[in-house]
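K.L.:
Taken in sequence, the protein lines are chains P and U. Count along the first sequence starting at 1, add 15, and that's the number in our numbering. The numbers in our numbering rise by one with no breaks, and the one at position 285 of the second sequence is 272.
Hints were generated in silico from the structure; no laboratory data involved. Wrong hints could be hidden among the right ones.
Straight line, CA to CA, 25 Å or less: simulated SDA-like cross-link-like pairs of lysine to any residue [as the list claims (entries may be wrong)]:
#, chain 1, residue 1, chain 2, residue 2
1, P, K156, U, Y(-5)
2, P, K113, P, D191
3, P, K156, U, A14
4, P, K156, U, R9
5, P, K81, P, K207
6, P, K113, U, V13
7, P, K203, P, D138
8, P, K97, U, V301
9, U, K125, U, P143
10, U, K125, U, K56
11, P, K156, U, K56
12, P, K97, P, S17
13, P, K238, P, S79
14, P, K113, U, K344
15, U, K125, U, Q173
16, P, K156, U, T278
17, P, K81, U, G(-8)
18, P, K179, P, E48
19, P, K97, P, S45
20, P, K95, U, G298
21, P, K113, U, D371
22, U, K368, P, G30
23, U, K56, U, T235
24, U, K33, U, G260
25, P, K113, U, E286
26, P, K179, P, V230
27, U, K33, U, F178
28, U, K366, P, D138
29, U, K102, U, L115
30, P, K97, P, Q135
31, P, K95, U, G(-8)
32, P, K113, U, L367
33, U, K366, P, N91
34, P, K97, U, K368
35, P, K95, U, K366
36, P, K156, P, K179
To be clear about the criterion: a stretch of chain P counts as covered by chain U if any three or more of its residues have a C-beta under 8 Å from a C-beta of chain U, and this derived list gives those stretches [as the list claims (entries may be wrong)]:
#, stretch
37, 114 to 122
38, 205 to 214
The C-beta atom is built at its ideal place from N, Cα and C for all residues, glycine as well.
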Amino acid sequence: MSNVIEVDHLNFSFGSGTLTQPVLKDVTISLEEGEIVLITGPSGSGKTTFLTIIGGLRQALHGSVKVLGHQFINSNEQIKVKTRQQIGYIFQQHNLLKSLTALQNVCMTLEINTTMTEQQRYDRAAEMLIAVGLGDRLNYKPDQLSGGQRQRVSIARALVGQPKIILADEPTASLDKQSGYEAVSLLKCLAKESQTTILLVTHDYRILDIADRVVELEDGMIK
Amino acid sequence: MNRFGWLYFPARLAWRQLVFDRTKLVAAICGVLFACVLVFMQLGFKDTLYASAASAPLKLDGDLFLMHKQSEAMWRPIQFKRSELMRVLGNPAVAEAYPLYLGLAPLKNIQTQAKRTLMVYGFDPDSLMFNVDSARNKHIELRLKDTVLFDEYSRPEFGPVRQLLEAGRNMTEINDYKVTIIGLFQLGVSFAADGNVVTSDLNFMRIFPRRNLDDIDMGMIRLNPGASVEHVQAELKSYLNEFVNVFTYEELLRHEKDYWANTAPIGFIFGFGTVMGWVVGLVIVYQILFTDIANHRNEFATLKAMGYEQGYFVRVVFASASFLAVLGFIPGYLLSLGLYNLAESQMYMPMPMLISKVITVFMFILSMCFMAGLLAIRKLKDADPADMF
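With the hints as extra help, turn the sequences into a complete structure.
P.N.:
Structure (structure tokens):
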């Protein structure tokens, strides 16, 4: 199996000069296709920073970060935008668009590439929402949904584009135990079907069992 | 990505975000509407001013006109010698030349006895100076002593002259001199005069005892058929005294208009008001777009993380600006239409809603919203997905 994410001797620091604050130190890790990896660690250990570099949202300068075959170190914005479109995101806050219904929110992922017709997009999005158990909430706005339901909408939004990679940042942080566990189980189940790689940052120890591998990060180093 | 989706998807998102928050949408529309009405009214007043300034010269039936160089406008003329006008008769192309006497004087309201200033035009009735049929038909009667024609379109403060004439009450005073109104004609008021009266040159001297026939305010020249106006104008300029202007009909109209546009600061005032309307609208729309971007910062950052490019959000902002322009313009236009009618009934001056003005104002509003959008997109760079996690 091929590696979809390859990180080699990655160093990253905030600030400059004497105020330089190293966040990631010599991180080396690779993820195979279809693998589910959890990154845990205390606050400030650099988990989220690591995730934003993998997602092409933050520019790192030292080391090597290859995502889906694209080198992110010193790359241009164009390559990163293209790669981002093949990555699904799940945020700590659901970050749904308030003015759009659940269905329209999921459609936003598909509207980046307009090869599909409107009807095809709606069908795909509806299918995905039914898969996450929200078939009866298609036309609800985020305000009218519960926390767990919103997170399921954002899981649907991340998966509907059939991404190669899912990046999730504390997806269960704002959920209670049961809906949190349901959400990640759902994520795992749907991802396994389509051989999607998942990189999940969490310090919620209740969900460690869904992972193929757990990586612990402390002070910017993998333990 | 095809062209249709390039604009359609961001526009649709902009629209959905606009209609989601109705209160803010209404506030935004009110802002654009306000600017729209302001610009419409300023331009309307300005056009009315110019149109009314030219209302009297517009009706003068002549090919060339003499005016003293120091005359800024017809309503405040400087006199020159009648002999100067008569010199033009030496040119073989000139058929006839008539002097025109102008003066502002109070007319007594027949009913209330209140006095109010209007414009008095004095000329030889047989010259048929005004191209108004009702004035021309009375040229024989106007030869009589102490007779005048009253402008039906004068302001109502002069009294219901038509009804009074029908009731046989036709005696009044101009400049404390007793005259008889023998009929009505139609000209229209201007910013300089609230009303108009036409009389013969001899009656004019009776109304204004200090004036004499030798000092004239304007000269009207008619040419023989087939004569070239430009050619004769050049000839006259070459041998007339340098203190007179020789105007063609169009130049006279422009001269009157330019007085209000440039010499009197009124043209500037309305122009300034128009620009202020634009700026006020700009600030309102900018504020709304700016806070809108700030409120949707998280959502935009999320979309950016999902792979949307910067250009998409720029299009969202400009689509919002365009929607606001259109949504504010429609009620703004309707409200202005009503206000134009109201202003017409108050000013007794025509204030037409011309299609060219509608297009001008719409372009104005659109440019205002685009400018606001241009200023607001700087805020977009705050939507950085790296800060989202």
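K.L.:
Next step is simple, just say for each hint if it's right about the structure.
P.N.:
We went through each hint and held it up to the structure:
1. For the given pair, K156(P) sits about 22 Å from Y(-5)(U) by alpha-carbon distance, which is consistent with the 25 Å threshold.
2. Under the criterion of a C-alpha separation no larger than 25 Å, the hint pairing K113(P) with D191(P) is consistent with the structure, at around 22 Å.
3. Between K156(P) and A14(U) the alpha-carbon distance is near 23 Å, which keeps this suggested pair within the 25 Å criterion.
4. For a cut-off of 25 Å, the pair hint linking K156(P) to R9(U) stands: about 15 Å separates their Cα positions.
5. Among the hinted pairs, K81(P) with K207(P) is consistent with the structure: their alpha-carbon atoms are about 22 Å apart, no more than 25 Å.
6. This hinted pair checks out: K113(P) and V13(U) have alpha carbons roughly 19 Å apart, not beyond 25 Å.
7. A distance of roughly 23 Å separates the Cα atoms of K203(P) and D138(P); the hinted pair therefore holds under the 25 Å criterion.
8. A C-alpha spacing of about 19 Å is found between K97(P) and V301(U), which places the hinted pair at or below 25 Å, so the restraint holds.
9. Of the supplied pair hints, the one linking K125(U) and P143(U) holds, its CA atoms being roughly 23 Å apart against a limit of 25 Å.
10. Proposed proximity of K125(U) and K56(U) is contradicted: the alpha carbons are some 33 Å apart, above 25 Å.
11. Our distance criterion of 25 Å between C-alpha atoms is broken by K156(P) and K56(U), whose separation comes to about 74 Å.
12. Under the criterion of a C-alpha separation no larger than 25 Å, the hint pairing K97(P) with S17(P) is consistent with the structure, at around 20 Å.
13. Straight-line distance between C-alpha atoms of K238(P) and S79(P) comes to about 20 Å, which keeps the hinted pair within the 25 Å bound.
14. Note on K113(P) and K344(U): the hinted pairing is violated, with a Cα-Cα distance of about 40 Å set against a maximum of 25 Å.
15. A distance of roughly 13 Å separates the Cα atoms of K125(U) and Q173(U); the hinted pair therefore holds under the 25 Å criterion.
16. A threshold of 25 Å between alpha carbons decides the hint, and for K156(P) with T278(U) the separation of about 22 Å falls inside it, so the pair holds.
17. The hinted pair formed by K81(P) and G(-8)(U) fails the criterion: a straight-line CA distance of about 31 Å is larger than 25 Å.
18. A C-alpha spacing of about 8 Å is found between K179(P) and E48(P), which places the hinted pair at or below 25 Å, so the restraint holds.
19. Distance hint between K97(P) and S45(P) is fulfilled; the C-alpha atoms sit about 21 Å from each other, no more than 25 Å.
20. About 15 Å separates the Cα atoms of K95(P) and G298(U), which keeps this hinted pair within 25 Å; it holds.
21. With a C-alpha separation of about 19 Å, the suggested pairing of K113(P) with D371(U) holds against the 25 Å cut-off.
22. Of the pairs offered as hints, the one joining K368(U) and G30(P) holds, with about 20 Å between alpha carbons and a cut-off of 25 Å not exceeded.
23. With a C-alpha separation of about 14 Å, the suggested pairing of K56(U) with T235(U) holds against the 25 Å cut-off.
24. Restraint check: the Cα-Cα separation between K33(U) and G260(U) comes to about 10 Å, which is no more than 25 Å; the hinted pair holds.
25. This hinted pair checks out: K113(P) and E286(U) have alpha carbons roughly 8 Å apart, not beyond 25 Å.
26. For a cut-off of 25 Å, the pair hint linking K179(P) to V230(P) stands: about 20 Å separates their Cα positions.
27. Annotation: proposed proximity of K33(U) to F178(U) holds, straight-line Cα distance about 11 Å (limit 25 Å).
28. Of the supplied pair hints, the one linking K366(U) and D138(P) is violated, its CA atoms being roughly 35 Å apart against a limit of 25 Å.
29. With a C-alpha separation of about 29 Å, the suggested pair K102(U) and L115(U) falls outside the 25 Å cut-off, and the hint is violated.
30. Our distance criterion of 25 Å between C-alpha atoms is met by K97(P) and Q135(P), whose separation comes to about 22 Å.
31. Restraint check for K95(P) and G(-8)(U): satisfied, since their Cα atoms lie roughly 22 Å apart, inside the 25 Å limit.
32. Straight-line distance between C-alpha atoms of K113(P) and L367(U) comes to about 18 Å, which keeps the hinted pair within the 25 Å bound.
33. About 22 Å separates the Cα atoms of K366(U) and N91(P), which keeps this hinted pair within 25 Å; it holds.
34. In summary, the hint linking K97(P) to K368(U) is supported, as the alpha carbons are separated by about 19 Å, within the 25 Å threshold.
35. With a C-alpha separation of about 22 Å, the suggested pairing of K95(P) with K366(U) holds against the 25 Å cut-off.
36. Simply put, K156(P) and K179(P) have alpha-carbon atoms about 28 Å apart, too far for the 25 Å limit, and the pair is violated.
37. Check result for the stretch 114 to 122 of chain P against chain U: holds, 3 residues qualifying (beta carbon to beta carbon below 8 Å, three or more required).
38. Evaluation of the coverage hint for the stretch 205 to 214 of chain P: breached, as 0 residues show C-beta separations to chain U shorter than 8 Å, against a requirement of three.
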